[in-house]
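Read off the chains here:
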Amino acid sequence: MSTTPQTTAAERPAPTSSFKLVSTLGLIALFSGLLVVSVFEFTKPYIAENQRRALEAAVFRVVPGAVSRQDFLLTAQGLFPAAEAPAPGQRVFAAYDAEGNLRGIALQASARGYADVIRVLYGYDPSCQCIVGMTVLETRETPGLGDKIETDARFVANFERLDARLNPTGTGLANAIVTVKQGDKEHPWQIDGITGATISANAIGRMLNESAGTVLPQLAPYWALLEGGA
Amino acid sequence: MGLLSFLTGLTFPRGVHPPGLKEDTRDKPIRRLPFAPRMVMPLQQHFGRPARPLVVKHQEVLRGQPIAEADGFQSAPLHAPVTGVVEGIELMSTARGPKTEAIVIRTAPGDSQAIHWAQPRDLERLNRPQLIQAIQEIGLVGQGGAAFPTHMKLSVPDGYDIDTLVVNGCECEPYLSADHRIMLEQTDAVIAGILIAMKALGATRAVIGVEDDKPDAIAALQARLDKEGPISVGKVRSKYPQGSEKMLIKALLRREVPSGHFPYHIGVVVNNVGTMAQLGTLLPRGEGLVERVVTVAGPGITRPGNYRVPIGTPLRYLLQHVGFTGSDASHIILGGPMMGNTVSSLDVPITKGVSGVVVLPDPEEQDLRIQPCIRCGRCVEACPVGLNPSDLGKLAAVRRYEVMEERYHLNDCFECGCCSYVCPSNIPLVQYFRIAKSLNRERIK
Amino acid sequence: MAGLGILLAGILAIANRRLYVFEDPRIDQLEDLLPRANCGACGVAGCRPFAEALLEGRLEPARCTVNSTDMNQQIADMLGVALGSHERQVARLACAGGSHVAATRARYQGLKSCRAAALVSGGGKGCTWGCLGLGDCEVVCDFDAIRLDRHGLPVVDPVRCTGCGDCVDVCPKDLFSLQPESHRLWVACLNQDPQDEAMAHCQVVCTACGRCAADAPEGLIRMESNLAVIDYAKNALASPVAIQRCPTGAIVWLEGQAPLKGSGARKVTRKEPLPRMEPLPRV
Amino acid sequence: MHADSLTYIFLNAAIINNFVLALFLGICPLLGVSGKISTAFSMGLATAFVMLISSVSAWLINEFLLHFNLEFLRLIAYIAVIASAVQLVEMTIKRFSPPLYRALGIFLPLITTNCAILGVALFQTNYEYSFSQSLVYSLGAGAGFIIAIVLMAGLREKLELADVPAIARGAAMSLMLAGILSLAFMGFAGLGGSTA
Amino acid sequence: MAANTEKPISLDTFLIGLWRENPVFVMLLGMCPVLAVTNSVINALAMGLATTFVLLCSTALVALLRRHIPKEVRIASYIVIIATFVTVVDYLIHAISLEIYHALGAFIQLIVANCMILGRAEAFASRNRVSTTLVNSLGMGVGFTIALLCLGSVRELLGAGTLLGIPVFGESFEPWIIMLLPPGGFFVLGAWLLLFAWVKERQLKQKTAGAGEAGVHAR
Amino acid sequence: MTPLKIELKTSPHLKQAGSVEQIMRHVTYALLPICAFSVYHFGISALALLITSVVTCVLTEHLFAKLSGKRSSVSDFSAVITGLLLALTLPPSFPLWMAALSGFIGIALAKVMFGGMGYNLFNPALVGRAFAQAAFPVSVSTWTVPGHPDRFTEFLPSTLAMPFTTPAPVDAWTAATPLAQWKFEGIHVDAWSLFTGMTPGSVGETSAILILVCGLYLIARGMMNWRIPAAVLGSAFVTASVFYWMDPTFYPTPWFVLLSGGLMLGAMFMASDMVASPITRSGIWIYGILIGFLAVIIRFFGGLPEGIMYAILLGNAMAPLIERVTQPRPYGSRKRRDAA
Ligand SMILES: Cc1cc2nc3c(=O)[nH]c(=O)nc-3n(C[C@H](O)[C@H](O)[C@H](O)COP(=O)(O)O)c2cc1C
Ligand SMILES: Cc1cc2nc3c(=O)[nH]c(=O)nc-3n(C[C@H](O)[C@H](O)[C@H](O)COP(=O)(O)O)c2cc1C
Ligand SMILES: Cc1cc2nc3c(=O)[nH]c(=O)nc-3n(C[C@H](O)[C@H](O)[C@H](O)COP(=O)(O)O)c2cc1C
Ligand SMILES: Cc1cc2nc3c(=O)[nH]c(=O)nc-3n(C[C@H](O)[C@H](O)[C@H](O)CO)c2cc1C
Ligand code: SF4
Ligand code: SF4
Ligand code: SF4
Ligand code: SF4
Ligand code: FES
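Sequence order for the protein chains is A, B, C, D, E and F. Here my numbering runs 1140 ahead of the position in the first sequence, where the first position is 1. Here my numbering runs 105 ahead of the position in the second sequence, where the first position is 1. Here my numbering runs 966 ahead of the position in the third sequence, where the first position is 1. Here my numbering runs 21 ahead of the position in the fourth sequence, where the first position is 1. Here my numbering runs 10 ahead of the position in the fifth sequence, where the first position is 1. Here my numbering runs 60 ahead of the position in the sixth sequence, where the first position is 1.
Take these hints with a grain of salt, some might be off.
Derived BS3-like pairs (lysine-lysine); straight-line CA-CA distance at most 25 Å [as the list claims (entries may be wrong)]: (1) 65(F) x 204(B); (2) 65(F) x 210(E); (3) 1160(A) x 215(E); (4) 130(F) x 127(B); (5) 304(B) x 542(B); (6) 204(B) x 1237(C); (7) 215(E) x 126(F); (8) 65(F) x 217(E); (9) 340(B) x 127(B); (10) 130(F) x 210(E); (11) 57(D) x 179(D); (12) 179(D) x 542(B); (13) 130(F) x 179(D).
To give an idea of the chain D side of the interface with chain A (calculated C-beta under 8 Å), a few residues [said to hold, decoys possible]: (14) 38; (15) 53; (16) 56; (17) 74; (18) 93; (19) 94.
Simulated restraints on C-beta separations [stated by the list, open to error]: (20) 341(F) x 215(E): 41 to 49 Å; (21) 118(D) x 364(B): 52 to 60 Å; (22) 393(F) x 215(B): 58 to 66 Å.
By construction, these hints were calculated from the structure, which means they are not laboratory data. Backbone N, C-alpha and C fix where the C-beta goes; we use that ideal spot for every residue, glycine too.
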């Protein structure tokens, strides 16, 4: 017997034809495409509904008493209903109560916190010229610490009525919104901070100050538009 | 660099500062040791091939008479250290461990032990090959420790020019002071030897490197030397291992011997002052190498000093003569305490390369406990070669010997012991490296 | 959509085509059958190279001495080749001087390693040829085939020994050699000292008295440098006759559990180490 | 530093929110290919390179898909195109620079489907980065990956000589090392944005 | 070739993924999701289920098509198939719960890169019948999910003092926030591996102690 | 005639004085004045913290030595040092149970796991501290006023928190550290208080002068490599100076940077832990400079007021790489640069 084991031709697979390769893959891709499309189509309404509900829940949370909303875009050219905006810009959610009266607007703001950017939605009530609610949309702050900005009732209570009056000339806030050390709050435009999460709390103050200070003056001419939106 | 060495004295980077411990011996003149009743002359006392015996059992020999011839160029002959009778050629214990062949001579009692054999030559008339041959015939090998045959060292391969002969008078090992005494007592012989060696090498200058703890030796040498002459004295810092040839070359000449090369590759040859003294004394007279200066010292010795010891004297006889009782000492070291080897038997003879016998007491057991390396970095700060003994030691502990050689320059380690000396964790670094080297050598074979 | 799919498919098909490499799957299968000890006893650098060598027919399956015969047979069957034969080699130690019979002259302090000790003036054992008993061979054996007995003498388990030769390489006194299992007559000594000196150091030393040579068939054993030397070329002649009159039991017959000593051998009853020889500084 | 600035994007992906140690992307190679510094570095380079390719391809694909409202195909398209692109690159390197191929190429097939690669593509899409931002982001992520894997390899090489308890050797040790590294990297948290 | 490598269904087909070849603790596959999403039990569970779903669907499909897919394009086909099912899962979760969708983030899509799935497709599904494949994949999926739960429960318990959001240790428990942070993930997984290594070592010791001489054995 | 016992040993036969125990003992001595000052400063809470931490570390080390059947290395004092240093870096009001947990983690995770004494890749005390920082960020950044009149009679309320429970608030005692004051309130504490240590802060970090003196003692005894603290402090000073020069109104003075927070303690006693730092001379410089630089960068731009702990851990992580590229040039190998 030969000591060299024979390698028969049969063991080496013959290369498959290119056509077969392409067609197999093509078929698989086709199948995939169909599957994905159908699932996409199937889930689309649910997802949209989910997102809408989440958004509305947030808007209604920051503007107490609101039951419906209307989206606007604040662009360089001015404020437009979202659908008619000529250019991208900042979204302004106008919130209305059951009677269709404007209860306030909701705005997004963001700033860098401890770990990453914090994004919040806050509600502004033009009647009291104050911030009436705030909810955190996105945060990567330390669980159990930085996330006190949304879980700590005492901190959240700051935003029930946070003064955001414009200065007489209407170019900015009358009093800058700031976060102060826990227990040091003296004025209605101050935010009572969180010990141990100073950085996150400060970030909230900074972002509200910046957002309110820039957006509110720009919105001044459009309150009528917003009120009539519903 | 220049400024720094001006401030601190010529030296090499790193190294250690062990205590000198030479007070007991350095001021005592060299004295002669009596002849032992029985002498053992191993056929291999030098680096190279063993000598071939010229005598047979029961043959009578005269002191100084050749008893073994060199086996080719890479070997050195032996001369009878005493007048006596050959008892035989037998396997005898040596300091290295395995038994080797040796010529055993029973000393003739009462005989005058003058040198009876000589082959004087007119040195002026010899050309270089003849000079080299004459040096081989006197059986001279390096007295600094390695016992490298001097004629081999002085015959530089073609294509290399030697510009400098470095003479090694550092004697950086603690306890030892033989070279110190030689420089003081045999100054002329040293200088004569240097001139011969320079001639053999064709070197134009010589530098005698002496550590700054021997100011009297420096003064004695300088007194005999012409300021403008080709021979100068280089004062180097007292630091261990200043006496290693590579470190000395670095200190004196600011040159480095490339890794894996020898000093002659950079135009230098290094010889010990003892070797030079022997050369200067023996060669003109044509006598063979039959005795050498050995420092005997250490806490176990009652009469420490420098002795002129006939080659082949058994250690037992030497120790007995210097008043060694064995009561409080148990490490018997041939060479200095930093580089020397302990011996397992008092039957081993003093050979051509033994520069000292140091007897030390047993260290406390707890001092030997090995602890993990704490990476204190002392070894790295100490290694004169610039190795990383800490990593090498860890590699050795997990037996990664090839890595040690390939990536960590194991073969550049010359086992000076600085790293072990400083290690607070008592890691036997040098021992690790020896094992690694011996296994690597065998793997290549 | 499908167009996109086909486009991607095309790219992938081409890409995959290019990437295709053939490697004989049997190499993996063979490697699975091998012990993966990578010991090198088979003569190549490890189990995978051995598998390749098997496939190319360069080596026979039986060359793997670690594997069980069963497994090797499976390999042979798979490849359709003969198992091959290879006389098993095992490591043999040429020293019997444990601490109860061989004296120590100087105590060695340092790393527990024969290599290290041998470099320090030979290690301090009275007999400079003999085993230092610090167990480098035990450590180096990957197969746990060597154990030091209680006298510090290595004992080879012939079943576990794969004949890799690591112990042969590591022993600083060169006491190990690889021997075919059929070499049963064995001189367990390498001491070349003359009789008196040898006897002073060790009680089981070969004194080169010549009795074994006289009793054995002509030419099997001869005396050389104070030692009995067996000519294994004449191994067929060997029998336990040769060991009978050995006075020290340095020559043994290896069969069964413990090596067989001759009836004339001095009995060793001592169990504890010999006291250290203490040379006095007197001449 | 502004959160959209290129410098910040780079630093963020590289150290502040290190891709591997803070975002848990590419853990498999971190555990698997960090045995030797040299290999780890090659692996890191190769990965960084593939990240760059995949980031660019992903950006292009995304534009294309968005244009045709096909974003539901995004994942399939990403993975397919990235895989093919990498293979094309591999073949190109093999063809034109054998030394480079030997250094990096052997890692390429290994990397194609590790999460860090896909992660770069998906994250940049989620953040809606512009082309240049995507590019910088992928460079930062690559740098972060190299840093993590090379540090890890350095530590592991050193551990080879340590007296590590038997049960801790292997993956458990690597994970603990990664944990301590990630602990150390927490020091960079909030870098560049939060001074009073 | 494929025909004779088919294995019959046995309990082992299922169990192998649970313990002996557990994808997380033994094979160390798909580590990223394991570490990234296990800061709470619910996330771990969602991730485990999603992965199991993808694993089941894709290996079943591969097993079904195994005879029709040419060798050369098999990896590519597998990837496409897997990616398809991942996309499906992605949309499904998105539709089911926005919260979980956000919590798992990109890691759902990264299931594509989980080598476990490709590995199963290649090593098992391509050589076995659909039924066997399903059982094996289920075992693997369950093994993966259990591993995720092991991590998730420890991390949630120590990191928040809760299990599935329900407080366990009472009000005054001080959470170890590190457990919810990246280092905690590494440490907990490392600790589990240590635990298993320790148990294995114990078992081995008992075995060798009982069996006595084991004959020739290799390292 | 006494019998002679010949012993064999490899060279060298002489040995420099000094052992691992001795070094570690001296480090412990050098830390004791700092501990004493901290007890004077913060009272019995600090004392309890020191004792808890040391006891846990030593017990942990002993326990694992037992478990693995190794000789217990407790006698070499290294675990004591770890315990002391861990406690010295924690706030005085830190609950004892958390300190014990951190000590356990430090020794078990960062030392025993890697093979024990001499093999740890990271500074065990700092790994314990970093664990505490990440696990209990509130407790670890709650500071108390120094020199409170009741400090010798009363424990801080949080110190004795039951294991695993949330510590009671210590509002009545709280204060901000100089660094936090600068970072979050823009207040600069004067250099003299920093120098003498009459400020809030970690147990042992407050008195820069005492740390300096104790460190110099070790350096003088040759038990510590002076290059590491020199490099760390030097590089921190230079980095801080550059920023100060750029904007003196915003950045603190370099002196403030050197004297505040844990920089001095870290540089003197923690970065200098030779086990986790490079062993080569140039490597040591690079390592130290890197640590100093990172510490200042994290302080100035990071989320946390103090960065030395992370800087040292990062330095530890980089040590193997640094060491690798800074191996000494062996004698006679090709020269990197010509010897001048
Ligand atoms: C692991 C860890 C996570 C942290 N997370 C946050 C956080 O999410 N938000 C925050 O503001 N600070 C966070 N910090 C920062 C410290 O708590 C910081 O010291 C504190 O914000 C300073 O506030 P104080 O002045 O009230 O002590 C964290 C610190 C650590 C160590
Ligand atoms: C293998 C070997 C070859 C040597 N060849 C030479 C040589 O050719 N020329 C020379 O001058 N020295 C030669 N030497 C001698 C060394 O340079 C050195 O002087 C000798 O080894 C003793 O040095 P040491 O006491 O520093 O070890 C050689 C040494 C060895 C070990
Ligand atoms: C660590 C070390 C220390 C040495 N110390 C000396 C010494 O102090 N004196 C000396 O002459 N040779 C010393 N040598 C030997 C020299 O390197 C060199 O071999 C010798 O000087 C050559 O001279 P020789 O061949 O005449 O012996 C030392 C060698 C080493 C490796
Ligand atoms: C100067 C010096 C500084 C030390 N610093 C630390 C330290 O910061 N943390 C620590 O755990 N041990 C320290 N040690 C002790 C010792 O190195 C440590 O326990 C080892 O890291 C344990 O392997 C130090 C020792 C010395 C000599
Ligand atoms: S023995 Fe070798 S490694 Fe140690 S200091 Fe000397 S040369 Fe360096
Ligand atoms: S001297 Fe000893 S303890 Fe110090 S680094 Fe070197 S080997 Fe380690
Ligand atoms: S046989 Fe050799 S290696 Fe084994 S213990 Fe004896 S001397 Fe050592
Ligand atoms: S080391 Fe020696 S005893 Fe062990 S297997 Fe190899 S040959 Fe046999
Ligand atoms: S799961 Fe393997 S790299 Fe992330």
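Do the hints match the structure? See the list:
no., hint, in the structure
1, 65(F) x 204(B), "holds, 21 Å"
2, 65(F) x 210(E), "violated, 50 Å"
3, 1160(A) x 215(E), "violated, 55 Å"
4, 130(F) x 127(B), "violated, 43 Å"
5, 304(B) x 542(B), "violated, 37 Å"
6, 204(B) x 1237(C), "violated, 29 Å"
7, 215(E) x 126(F), "holds, 18 Å"
8, 65(F) x 217(E), "violated, 48 Å"
9, 340(B) x 127(B), "holds, 19 Å"
10, 130(F) x 210(E), "holds, 21 Å"
11, 57(D) x 179(D), "holds, 10 Å"
12, 179(D) x 542(B), "holds, 23 Å"
13, 130(F) x 179(D), "holds, 22 Å"
14, 38, "holds, 7 Å"
15, 53, "violated, 28 Å"
16, 56, "violated, 32 Å"
17, 74, "violated, 22 Å"
18, 93, "holds, 4 Å"
19, 94, "holds, 7 Å"
20, 341(F) x 215(E): 41 to 49 Å, "holds, 46 Å"
21, 118(D) x 364(B): 52 to 60 Å, "violated, 34 Å"
22, 393(F) x 215(B): 58 to 66 Å, "holds, 59 Å"
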